[in-house]
Amino acid sequence: MSVADFQAVIGLEVHAQLLTATKIFCGCATAFGAEPNAYTCPVCLGMPGALPVLNEKVVEFAVRTGLALGCEIRETSVWARKNYFYPDLPKGYQISQYDLPICEHGRITIDTPEGEKTIRVRRIHMEEDAGKNVHDAAAGLTRVDLNRAGVPLLEIVSEPDLRTAEEAAEYLKQLRDILVYLGVNDGNLEEGSFRCDANVSVMRRGTSDFGTRTELKNLNSFRFIRQAIDYEIARQVEVIESGGAVVQETRLYDPDRGETRPMRSKEEAHDYRYFPDPDLPPLRLSRAFIEQVRSTLPELPRAKQARFVAELALPAYDARVLTADRALAEYFEACVSVYAGDRKKLANWFMGEVARLMNERGVSVSDVREKIPPAHFAALLGEIDKGAISNNAAKEVFSEMFRTGREPLGIISEKGLAQISDLGAIEQAVDEILAKNADSVASYRAGNQKLLGFFVGQVMKAMKGKGNPQRVNEVLRKKLGGQG
Amino acid sequence: MGELSDLTLLESAKRLAAGEVSSEELVQACLDRIATVDPKVRAFLRVDAEGALAAAKASHQRRRSGIPPLSPLDGVPIALKDIFCEVGKETTAGSKILEGFIAPYDATVVARLKAAGVPLIGRLNLDEFAMGSSTEHSAFFPTRNPWDLTRSPGGSSGGSSAAVAARMVAGALGTDTGGSIRQPAALCNLVGLKPTWGRVSRYGVIAYASSLDQVGPLSRTVADAAALLQIIAGHDPRDSTSANLEVPSFSASLEDGVKGLRLGVPKEYFVDGMDPEVRAAVEAAIDAYRGMGAEIVDVSLPHTRYALAAYYLIAPAEASSNLARYDGVRFGLRSERAHTLGDLYAHTRAEGFGAEVKRRIMLGTWALSAGYYDAYYLKAQKVRTLVRRDFEEAFRQVDALISPTSPVPAFELGAKAEDPLAMYLLDVLTLPCNLAGLPGVSVPCGFTRGGLPIGLQILGRPWDEAGILRIARAFEREHDFSQRAPVLT
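First to last, the protein sequences are chains P and X.
Take the first sequence: its letter number 253 is residue 253 in the numbering used here, and every next letter is one higher.
Take the second sequence: its letter number 374 is residue 374 in the numbering used here, and every next letter is one higher.
Treat the hints with care, as some may be off.
Claimed, not checked - Heads up, simulated DSS-like pairs for lysine-lysine below, C-alpha to C-alpha not over 25 Å straight-line:
1) P:450 to P:415
2) P:415 to P:436
3) P:132 to P:117
4) P:82 to X:382
5) P:395 to P:436
6) P:461 to P:450
7) P:82 to X:358
8) P:117 to P:82
9) X:259 to P:82
Stated by the list, open to error - To give an idea of the interface, some chain X residues facing chain P are shown, with a C-beta separation under 7 Å as derived from the structure:
10) 205
11) 318
12) 321
13) 485
Just so you know, these hints were derived from the structure itself, not from any lab.
Glycine included, each C-beta is placed from N, C-alpha and C at the ideal position.
Just chain P, same shape as in the assembly (with noise of 0.2 Å):
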């Protein structure tokens, strides 16, 4: 026997810290970076008295999520405690919600070797964030820093749906494209804003009976939570196979080692007793409110892909790539309809000029886009469609639009960088080196075709560098003679 012989089976739980401006039960700013413990009140810091308001736009997040994601959205959710003691979480319990959530019943459509999958998403609720415990080795103290206390989250939980480590990262790009999409998470796995716990179990093939499962956490890459979750279905299959049982417990990765070790033993188990917060009353929505989020909502990373390959007949790579990022989807789609050229040759200055800029120069698509509006890059590709300028000169006026934020064609003729593809004018300067060169000319009609390199010379120089260089080729060899 061996991994082969199991099935995975695997359930994701995704928390997102939502982009709102201010916290989900008080008016303290969400940014980060602040002096520790500057963005707080009575209510985050979980004063004696001090009571929650809800931020409306939370609510409304979360509705967005929920419809993107096609879930069912409960028209009275209730909001819970979550009570355990730590220092980073002031009040003793958590608010977040528990049997009755906002959202129910979802999917996300993934991508895998044999097609199109369905993955289930259970439900997605509201909560609140804890601060951050700061342990400061050499003072020999814990500090605690409740700036993060009270920013909001969705938690996102699949269905074990998931079958192997592929498909895992593959659900939480696209559910991450989404919330980015949505404009409800930055989508950032390294700083923590999309965080993920997975459930793993293995089970033998031909059975259907779920294993054990243990939670897997501190994810905070796609290779990581890959890397992660094989070692810990090839660990669980080990320990089933030498006879022993898989132990329900929390693991955590150690990135370094590349495994995974138990975090809490069963012992430790919490009891959160979870009930109704009294301080909140039951969250109701209208189904006017429902209907009104959902008319806000924009079209998804996968409807706008399939669009891009049907109606812009784009390659599916260039569509996943172009549609990865709301901002560059729609930006592309700007410059299309005013940009009669080919698609293609549109997708791929983005995927190689627009993307050259923003990693090369750290910048974001708005940037780019404020710099070189879509009609002025339309007006750059259709001075190379004309042969008006080489595509080598277009990328250096390229460089030049969005240093200055001009239109190319003034740049274009500033620099000198148009080219004469003017067949009149081409032959006119052919003609006069060829008068001049008799001797070469014979010579080059004897034979010697090595001196057609040096006609394209003279030619060139005599138009100052500014023939195109094709045309020039072509004219030089229907002067020369058919041995060219």
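With the hints as your guide, set chain X onto chain P.
Here is chain X on its own, set in the frame of chain P:
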């Protein structure tokens, strides 16, 4: 009785308006009276002479400059149960765990009192975290009943009832989770009002049981209670459970009498073990209402017998969670003996909480635990629904319900302190009202032969504080119980 400290809130306000007295003189009279009698009564945890005199001075200057009063009680001092946060002031909730805690913000009711120009003269004793019915569970000292210094003034707002009864101040705010305003009012010959849950903001009020806690006034007269409620009532965007309803005038219909009103007498509220003098006084009050033209109707609230058990699951459950924040990390007591995180929690809470608070935290933790939640917390919530329906049913037939407030008059200090069940039974007539979120008021209705006050409880429909105050006032007008003062020399 010509002393300033004998004046009611509205009498003081009248004299201020007439220019016969200054706010500073009123505050000084309170301070003098406190200095004289509080060493015997021990109602105050802290007296804020400086703060109160400064507020009085400001009020006086406004009046002299012709600025209209900020409220009908501008310049009239009151005192607060030590459970309301006031920025820069110590607030302990009667607990060692909060000793020395300086609140960083104002409770909404405190902010409203300040905005109304009411000088706040100090902090009154209470059972720790408002858990108790005798004020003996204060971590600091017990308070004594001015009518008999060997007896309890009731609780948990016992400092409030004792201070008002002893004429140290004419009005005070308390909180009522299971009777903690009405019962001490009854035991001290006062008017004590628990408004509808949601009528007064709980923001900045140190929580005991959030779904039951409500802030209200204690005073010597019904009109004073109405005037205080008028200042503190109303929607607060900082409390999600405060009702966004227009606040009516609580005094406009005070003198309208009870003629034609239907008053229900719930048979379940005349319990076994009730003191016969209490029963007699309440029955006399019922007769008096009949005489005033009210129709008396016998009603039944059949689930009353389960209310006490339900209350002592729900309130501790919420308390076990509300009190989790007292962990030694950010404020209040932190044990010096702790070397690990687990020890920090265990030692801080072991040293900081008293026995009754620990008892309720353990009860509540148990009631919410996996495997017990359905049998205890959930079942208690179902009982709560039934209790509420009993009231809804009764209010289809009657305009208000009348009953004794407490089954017994003031009891000896120490008589029940060691017997939690006997103490819990003292709330049996007051806590169903909290479970249903209804308004209730206690009004003086007589004395025992031994000279101990007896209270009559009037319960109303949700948001009908004006109605129950009017019914209380009708009785007050026909009787002189409220005018009697304890002798403290």
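With a cut-off of 7 Å on the beta carbons, see whether residue 205 of chain X makes it to chain P. holds, 5 Å
With the threshold set at 25 Å, check whether the alpha-carbon distance from residue 415 of chain P to residue 436 of chain P stays at or below it. violated, 30 Å
So if I understand the rule, the pair passes when the alpha-carbon distance is 25 Å or less; does residue 395 of chain P with residue 436 of chain P pass? violated, 36 Å
Are residue 450 of chain P and residue 415 of chain P close enough, with their CA atoms no more than 25 Å apart? This hinted pair is violated, its Cα atoms lying about 32 Å apart.
Pairwise hint evaluation, residue 82 of chain P against residue 259 of chain X, where the allowed Cα distance is 25 Å at most: The hint is violated at about 52 Å.
Quick check on residue 485 of chain X please, does its C-beta sit within 7 Å of some C-beta on chain P? Since the shortest Cβ distance to chain P is 34 Å, the answer is violated.
Mind checking the alpha carbons of residue 82 of chain P and residue 358 of chain X for me, to see if they're no more than 25 Å apart? Distance of about 20 Å is within 25 Å: holds.
Satisfaction of hint between residue 117 of chain P and residue 132 of chain P, Cα-Cα up to 25 Å: Distance of about 38 Å is beyond 25 Å: violated.
Cut-off 7 Å, beta-carbon criterion: hint that residue 318 of chain X touches chain P: Since chain P brings a Cβ to about 6 Å from residue 318 of chain X, closer than 7 Å, the hint holds.
Is the interface hint for residue 321 of chain X satisfied, with its Cβ closer than 7 Å to some Cβ of chain P? holds, 5 Å
With the threshold set at 25 Å, check whether the alpha-carbon distance from residue 461 of chain P to residue 450 of chain P stays at or below it. At roughly 18 Å apart (the allowed maximum being 25 Å), residue 450 of chain P and residue 461 of chain P satisfy the hint.
Taken at face value, is the distance from the CA of residue 82 of chain P to the CA of residue 117 of chain P at most 25 Å? violated, 34 Å
The structure shown violates the earlier hints numbered 1, 2, 3, 5, 8, 9 and 13.
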